[in-house]
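Each protein sequence line maps, in turn, to chains D and X.
Residues 1 to 150, numbered by our numbering, are exactly what the first sequence covers, in order.
Residues 1001 to 1292, numbered by our numbering, are exactly what the second sequence covers, in order.
Don't read these hints as lab results, they were simulated from the structure.
Fair warning: this is a prediction, and the values are worked out from it, not measured in the lab.
The beta-carbon is built from N, C-alpha and C at its ideal position, and this holds for glycine as well.
Here are the computed distance ranges between Cβ atoms for each label pair:
1) X:K1241 with D:P82: 37 to 45 angstroms
2) D:A108 with X:Q1182: 27 to 35 angstroms
3) D:P49 with X:T1137: 35 to 43 angstroms
4) D:R35 with X:R1201: 38 to 46 angstroms
5) X:N1218 with D:A8: 41 to 49 angstroms
6) X:E1167 with D:A8: 51 to 59 angstroms
7) X:A1228 with D:P82: 25 to 33 angstroms
8) X:N1034 with D:A5: 49 to 57 angstroms
9) D:Q74 with X:L1006: 47 to 55 angstroms
10) D:R35 with X:N1218: 24 to 32 angstroms
11) X:R1134 with D:R68: 37 to 45 angstroms
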Amino acid sequence: MSTTAGPAKLRELVAELEPLPRDQRMEELIDWADRFVPVDPGIATRPYPEIHRAPRCESDAYVFATDREDGTLQLHFAVENPQGLSAKAWAMILNDVASGAPLEEVAAIDPDAIWRIFGRDLSMGKGQGLIGMLELVQREARKRIDARRG
Amino acid sequence: MSANALPEIAARGYARPDVLVTTDWLAEHLDDANVRVIESNEDPLLYPSGHIPGAVQVDWARDLNDPLTRDYLGRESFEKLMASIGVSNDTTVVFYGDKNNWWATYAFWVFQLFGHTRAKVLDGGRLKWEQEARPMTREAPQHPPATYRAPERDDQTIRAFRDQALEHMRAKRPMVDVRSPQEFSGERTHMPEYPQEGVLRGGHIPGAKNVPWARAANPADGTFKAAAELRAIYEGEQGLKPADDVIAYCRIGERSSHTWFVLTYLLGYPKVRNYDGSWTEWGNSVRLPIER
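In isolation and in its complexed conformation, chain X is listed as follows (with noise of 0.2 angstroms):
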């Protein structure tokens, strides 16, 4: 088991438990000064209408992208990022949000291309948390400015980018496609009044499996599933291999980085990059091959 693992999480069998924390445990470090509690959602909607008290927020869009080049923020802007919501170098955040943890994820995701590797997730992320009728909060939380050093982003252990995911599929090794099944198989693209917000081509990329990304976890709680059950699905039904390097697509990167905390924590898979630019990139390029 690794270090500081919770029992009840470790007996699921993850390779990394240590980075799933239980809402009990969450309740009883809601005071703790060396833990920073983060929601990240997709409903911009949840945040304000309530939140775990003393949990900050960390809006995808606002926080972690940059404002005008399709890219994450840089050193600078977390560093700034962090200070703001009170986050030293030595804190420990835990992530959480809604549908399953999925947006939670991928801010753990960006985190992670700075190192700030004192991380976790709230296992059952908002959901459990709200099912167990535990307290929420509208109250603004105020936590004192923090000082935060941290490293230029690391773009080429955890993430992947175009070149690389057309380099990846030449070579047949394995690529995961998180996305529904109807966007797998191209019957589903974008809205005709929105172009500017999807592709012009369906499809996969080929040799790409389909996993939907939910499929990792248990839709009464938002739970993920324990080891073996994830191993039935990955490993089982789609043929990986542990150690496989595999990357992980999806529209913008945000489902597949579930699918690449699965595959990297939960299975200890060595190797999984996210391709952010995924399928609004990939279905936009001029002559990248497309498989229906």
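So here's chain D without its partners, still in its complex pose (with noise of 0.2 angstroms):
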């Protein structure tokens, strides 16, 4: 099994999740969305900025980060389609695994991931609203690893 770049806690989950029959898989991934909770309206209320909104994603999600003490980020999703469970799922993998993750870390997540935890018949559309988020947590990253760099 090939490598996937990004946090430590990313590799384990995809190690854990990539074998499984996809049933179980499915089951796992809604366990994931059932945990989802929506940003904190003391951080973001509707409506929400377009520039946080993930491109290409059909579920209406959206992506903010604040600091932590230690400079990492810390996550924060919304999720307007009350359908989205992907969507919902993939928020809470990304904050549990990218939020106080060294941030060169969470710029280097392969979008690969995506397919290797929701599998390869994931259809087009989703797999990019998936990547859209993906996209703007690497934003946030790499806008703190550019402030960092002066």
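Two chains, each in its own frame: build the complex with the hints.
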């Protein structure tokens, strides 16, 4: 099995989910989606600014980031489509693996992790929406890396 | 009014109101052995997270597409699929799904390639059923296998291929591009990391009108808009005429099957075809004309 770039927790999750039979993997992902917590109104309120909207995401996902004391990211998400379970699952996974992780590792997450987690039969549109969420997370990480470099 | 049309659906003025059922009607027919409820979604997590009791899942990628060639399943595979979900030639199938029934109408369209006309769509789909707090279950349905005999797939009547789309364009006959305005303008094509999933060129087929597919649905509950509202969009704004020969397309043919459904059944257009090759074929083809 090839490695997936990015935080160690993501590599562990890929290693855990990728070999599972499809039905079992779906159940695991539904569990992730069930844990979804929307962005706190103290951080963002509707209507959410367009700049935070994940491109190509049909589930209307929004990505927000705040700074932790150690200089890493704390991620927050909104998913406006109540039926956007995959977006909610991916939001919680990104929150788990990227919040608090070194910024360089967040910026290096390989989008292929999406297919390794959700399965190769993920539709084109769905895959692109999940990539769009990852893009915004990585944009936040790169912004902070660039600021640190001055 | 068409036979078997529900009064509340017929009141919206559709040409074929019998193809839609309400959540009330479906709730009353959940135990009807002659009705099979089929869920088709874009999001693969939805069905296993809970579905209408007794509903089976038909997955666009695993069930409806040929695993090798870019094409739909053939006659024998369709017969096997129908047998496996307990659908005989006499069974009425009711499709529903997420996002205003977009994949549900895609499955509906594929079923029509095999002439299964005992087919309906749940108005409002999964969203409306959930909003009304109707029963959902994670329990896998148990339906006895059925016997199904299908004709060869009809690729002529409601399906268009690249050369037919080109001929249509040259003849300046109406085409509806149902993608987003950004895709239509060519501003949005694909992700650089995944060029194989996108297209080499952005834009639209010259002469095509842009009517994003979801405009046909009420965003609050996913139901279809009334016929008068649909006519205002397709005829009032875009100049389509009821007798027009229309081709609809999107990126891979799923969103355009929703528009195909609207024009064919709700507005009664006699000749509407879905170009399922759509932009992933057109935008990658050598020397096909593109407009931006």
